[in-house]
Amino acid sequence: MKASSNKFMKGALLLSLSVFFGVAVTVNGADSATAAKGKTNAAPAKSEKGAAPVLDPNDPASLIYLDTSGKPAGIGDPNKPASQSYKAGQGWHPQALSAAGLPKDKYGLIDWAKLVRENIVKPKPSLDPNDEEMPPLKMDILIPAKGDFVNDVIYPHEMHTYWLKCEVCHPAIFVPAKGSNNMSMAEITKGNWCGRCHGKVAFPLTDCNKCHSSPKKAASK
Amino acid sequence: MKKWQVLALALLMAVPATGFAQIGKLKLDSKVDSMHKAGVGPVIFPHDSHEKLYKCNDCHPKIFKEKRGESGISMKLNMDGKFCGSPNCHNSPKAFPLFECTKCHTNVGAAK
Numbered sequence: 002m003k004a005s006s007n008k009f010m011k012g013a014l015l016l017s018l019s020v021f022f023g024v025a026v027t028v029n030g031a032d033s034a035t036a037a038k039g040k041t042n043a044a045p046a047k048s049e050k051g052a053a054p055v056l057d058p059n060d061p062a063s064l065i066y067l068d069t070s071g072k073p074a075g076i077g078d079p080n081k082p083a084s085q086s087y088k089a090g091q092g093w094h095p096q097a098l099s100a101a102g103l104p105k106d107k108y109g110l111i112d113w114a115k116l117v118r119e120n121i122v123k124p125k126p127s128l129d130p131n132d133e134e135m136p137p138l139k140m141d142i143l144i145p146a147k148g149d150f151v152n153d154v155i156y157p158h159e160m161h162t163y164w165l166k167c168e169v170c171h172p173a174i175f176v177p178a179k180g181s182n183n184m185s186m187a188e189i190t191k192g193n194w195c196g197r198c199h200g201k202v203a204f205p206l207t208d209c210n211k212c213h214s215s216p217k218k219a220a221s222k
Numbered sequence: 121m122k123k124w125q126v127l128a129l130a131l132l133m134a135v136p137a138t139g140f141a142q143i144g145k146l147k148l149d150s151k152v153d154s155m156h157k158a159g160v161g162p163v164i165f166p167h168d169s170h171e172k173l174y175k176c177n178d179c180h181p182k183i184f185k186e187k188r189g190e191s192g193i194s195m196k197l198n199m200d201g202k203f204c205g206s207p208n209c210h211n212s213p214k215a216f217p218l219f220e221c222t223k224c225h226t227n228v229g230a231a232k
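Residue numbers (our numbering), protein chains in the order written: chain A, 2 to 222; chain B, 121 to 232.
Simulated from the structure, these hints should not be mistaken for lab results.
Backbone N, C-alpha and C fix where the C-beta goes; we use that ideal spot for every residue, glycine too.
A hint or two may mislead.
Computed footprint of chain B on chain A, listed as stretches where at least three residues anywhere in the stretch have a Cβ under 8 angstroms from a Cβ of chain B [stated by the list, open to error]: (1) 141-155; (2) 183-190; (3) 206-216.
So here's chain A without its partners, still in its complex pose (with noise of 0.2 angstroms):
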């Protein structure tokens, strides 16, 4: 039911996306005033050089990309945008990024870290093209959690060198070494510690379970 009328709802945005493309192809075009008229009668033959692509609501790379203005920046790949957002520099609309398919976790948020296990972002090591990228640090740490009732914590190295630097962390918000950060759960609800970017940036705090993933021996009981 649900996932039916969002279905529904995206193939609406798409079609009236798609009517507004249309004009602004009609106004833009300096080659296609014939080809768009050609276009209103839906199916047209393959796209020739020059030629408006074909636009299928259920194909993504039919997807529409809005720049920061709300006008119709490009289709398809949101790697290379067209016209004014390039100038713009990337705004996309908002409803490009939901549409685009990315995983979600089982709270409907994109789930960042599943996007770097498929391989399905490729980000720029930094925008200095002098930098160097550092491969992530593989190395899982066990904090336990103190209590009985609860499973012990893992954090992982890999997935947040992925993504921040060593001093993002060190030792401004954790001491490097195992043990000596005194942190408790009611304190990171509170923002700190892990709090600095869960539930904010990262994966909220309601998701337990992927921070809580080592049982405990007690916990089982």
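Assemble chain B onto chain A, guided by the hints.
Then chain B, alone, in the frame of chain A:
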């Protein structure tokens, strides 16, 4: 006057007849040693405010046994979606989330 008194008496007797209502607040402390290690105190469960929102059989016996200390509630099981953390309860937008330690536990952050 007499009639009024009879009515009041009938009302008074009706209260125990409805059974489990009016339990008030329950102190849950069967795992208090572990709670102290984690720097929190026992849980005070407001049975009364849940009574206002739900029927007895929404919780009993499906989620909680009707005897104190018998259900085997633990934080780990709450986090796994059981007991307080059941999917329609404190693991859903309907109620505050599990990480708000102070809403259930007393003395949060006291011992370290």
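Inset, instruction - Establish whether the coverage given for the stretch 206-216 of chain A by chain B is satisfied; the threshold is a Cβ-Cβ distance below 8 angstroms, and no fewer than three residues must meet it. - result: Since 5 is at least three, the answer is holds.
Inset, instruction - Three residues minimum, CB to CB under 8 angstroms: does the stretch 141-155 of chain A make the cut for coverage by chain B? Let me know. - result: holds (count 7)
Inset, instruction - Verify the coverage statement for the stretch 183-190 of chain A against chain B, using a C-beta to C-beta distance below 8 angstroms and requiring 3 or more qualifying residues. - result: holds (count 7)
Of the numbered hints listed earlier, not one is contradicted by the structure.
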